[in-house]
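Peer 1: Dock the two chains into a complex; use the hints.
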Amino acid sequence: GQQLNQSPQSMFIQEGEDVSMNCTSSSIFNTWLWYKQDPGEGPVLLIALYKAGELTSNGRLTAQFGITRKDSFLNISASIPSDVGIYFCAGQLTTSGTYKYIFGTGTRLKVLA
Amino acid sequence: DGGITQSPKYLFRKEGQNVTLSCEQNLNHDAMYWYRQDPGQGLRLIYYSQIVNDFQKGDIAEGYSVSREKKESFPLTVTSAQKNPTAFYLCASSIYDSGNQPQHFGDGTRLSIL
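Chains as they are written, first to last, in my numbering: chain A, 1 to 113; chain B, 114 to 227.
In case anyone wonders, no lab produced these hints; they're calculated from the structure. Built from N, CA and C at the ideal position, the CB exists for glycine as well. Be a bit skeptical, because a hint or two may be false.
What the hints assert, rightly or not - Okay, the calculated bits of chain B under chain A, using three or more residues with CB under 8 Å as the criterion:
{"#": "1", "segment": "145-155"}
{"#": "2", "segment": "186-194"}
To be verified - Computed list of lysine to aspartate or glutamate pairs in DMTMM-like fashion (alpha-carbon distance at most 20 Å, straight line):
{"#": "3", "chain 1": "A", "residue 1": "K110", "chain 2": "A", "residue 2": "E15"}
{"#": "4", "chain 1": "B", "residue 1": "K122", "chain 2": "A", "residue 2": "D38"}
{"#": "5", "chain 1": "B", "residue 1": "K122", "chain 2": "B", "residue 2": "D151"}
{"#": "6", "chain 1": "A", "residue 1": "K110", "chain 2": "A", "residue 2": "D71"}
{"#": "7", "chain 1": "B", "residue 1": "K122", "chain 2": "A", "residue 2": "E41"}
{"#": "8", "chain 1": "A", "residue 1": "K100", "chain 2": "B", "residue 2": "E128"}
{"#": "9", "chain 1": "A", "residue 1": "K110", "chain 2": "A", "residue 2": "D18"}
{"#": "10", "chain 1": "A", "residue 1": "K100", "chain 2": "B", "residue 2": "D172"}
{"#": "11", "chain 1": "B", "residue 1": "K196", "chain 2": "B", "residue 2": "E128"}
{"#": "12", "chain 1": "B", "residue 1": "K127", "chain 2": "B", "residue 2": "D167"}
{"#": "13", "chain 1": "A", "residue 1": "K100", "chain 2": "B", "residue 2": "D167"}
{"#": "14", "chain 1": "A", "residue 1": "K100", "chain 2": "B", "residue 2": "E175"}
{"#": "15", "chain 1": "B", "residue 1": "K184", "chain 2": "B", "residue 2": "D143"}
So here's chain B without its partners, still in its complex pose (with noise of 0.2 Å):
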């Protein structure tokens, strides 16, 4: 089946240390974007590219770092330099023609401090 795959499902973190989010998907889509969802708000963009090789900060991107080597990876970093990793991360894809096409979600990883 098509789709987005996030792991791991549940992520610990502990001080001073980096830890890799993963996303892949198989949907050919060109676009693929990170958020972060915290208890209340609305999702949150951190980064998002819209072709290999090219990224973009959303609004949130200080802590956080990603690549696009591959059109159907694209890897999230979260740094030592973010102080409040605690959260539920979402990746997400479109296809990139007119840019309306709708966001599709993976199931998410929880990244929680140790």
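Only chain A is shown next, with the shape it has when bound in the complex (with noise of 0.2 Å):
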């Protein structure tokens, strides 16, 4: 099936630092979504993205669809001890008539104080 490499798997930064993450696929998709889950919760929809090449912002959290539809990026800006977490990315494509959601296999951010 289909499949989406999401990197790095987990990483440890010191507050203050900015934190960069992607998915990668060789399938084209629609649109894309960024998610961040927290232990014990469901996940928390961060960014939606619906067009090749669309760069949005929420707050210290940027991402961008990828021109050839088939990678997206997560980068948080001066990172804080709350964005600890587990980031997910999900591309959504349309398989036999019928919308259908691949998510990746998550990053889990660990922020230093």
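Peer 2: Here you go:
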């Protein structure tokens, strides 16, 4: 089946540093979503991207829909301790007339104060 | 507040037992979804429903069953045929027009085996 490669798998950073993570695939996607999940809770939508090349910000978060429609990245600027969590990408594609989201395996972020 | 409510938060299953996980949404969303989350893996789709009284199998439907009798509700039953049910189960919903609307998630149910 379709797969999304998300990297890095985990990262430790110092408070105040910028963070970058990305998702790539061999499939072409129509939509990219980025979520954050805290332990024991459901993912919360951070940013949605709908067009190739689109660059969207949400506070300190910036995400881009790759030109090839096969990748996306998420940047977090000036990280703070509450940025800790798991970040997931999700790509939406159409298969046999059915819309489906494929999820990455997540990037686990730990911020050192 | 509008949202998705999953219950219970924690659930334990005995061998040979069926258990049902509840998912209710008051967002007036057409589509609802069930995912399974295992450590180190992405979310895997179990079942989804785009409209009342209709649902489709996802990638890992074996050992699970669902119903969609009301727009607001999409319960998931983990049957005894599911041999490895221990996981975190997430319910999601979305508007279903062009199909690219974001999915919004509940807070999950953690299922464990006794």
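Peer 1: Next step is simple, just say for each hint if it's right about the structure.
Peer 2: Hint-by-hint comparison with the structure:
1. Note: the segment 145-155 of chain B has 4 residues with beta-carbon separation from chain A under 8 Å; the three-residue rule is met and the coverage holds.
2. Using a Cβ-Cβ cut-off of 8 Å, 0 residues of the segment 186-194 of chain B lie near chain A, which falls short of the minimum of three, so the contact claim is violated.
3. Our distance criterion of 20 Å between C-alpha atoms is met by K110(A) and E15(A), whose separation comes to about 9 Å.
4. Distance hint between K122(B) and D38(A) is fulfilled; the C-alpha atoms sit about 15 Å from each other, no more than 20 Å.
5. For the hint pairing K122(B) with D151(B), the CA-to-CA distance comes to about 16 Å; that is within 20 Å, so the pair holds.
6. With a C-alpha separation of about 24 Å, the suggested pairing of K110(A) with D71(A) is violated against the 20 Å cut-off.
7. A threshold of 20 Å between alpha carbons decides the hint, and for K122(B) with E41(A) the separation of about 10 Å falls inside it, so the pair holds.
8. Between K100(A) and E128(B) the alpha-carbon distance is near 33 Å, which puts this suggested pair outside the 20 Å criterion.
9. For a cut-off of 20 Å, the pair hint linking K110(A) to D18(A) stands: about 12 Å separates their Cα positions.
10. For the proposed pair K100(A) and D172(B), the alpha carbon gap of about 11 Å is at most 20 Å, so the pair holds.
11. Using a Cα cut-off of 20 Å, the hinted pair K196(B) and E128(B) holds, with the two alpha carbons roughly 9 Å apart.
12. Only pairs whose Cα atoms come within 20 Å are accepted, and K127(B) paired with D167(B) is rejected, the gap being roughly 30 Å.
13. Using a Cα cut-off of 20 Å, the hinted pair K100(A) and D167(B) holds, with the two alpha carbons roughly 16 Å apart.
14. The hinted pair formed by K100(A) and E175(B) meets the criterion: a straight-line CA distance of about 18 Å does not exceed 20 Å.
15. The hinted pair formed by K184(B) and D143(B) meets the criterion: a straight-line CA distance of about 7 Å does not exceed 20 Å.
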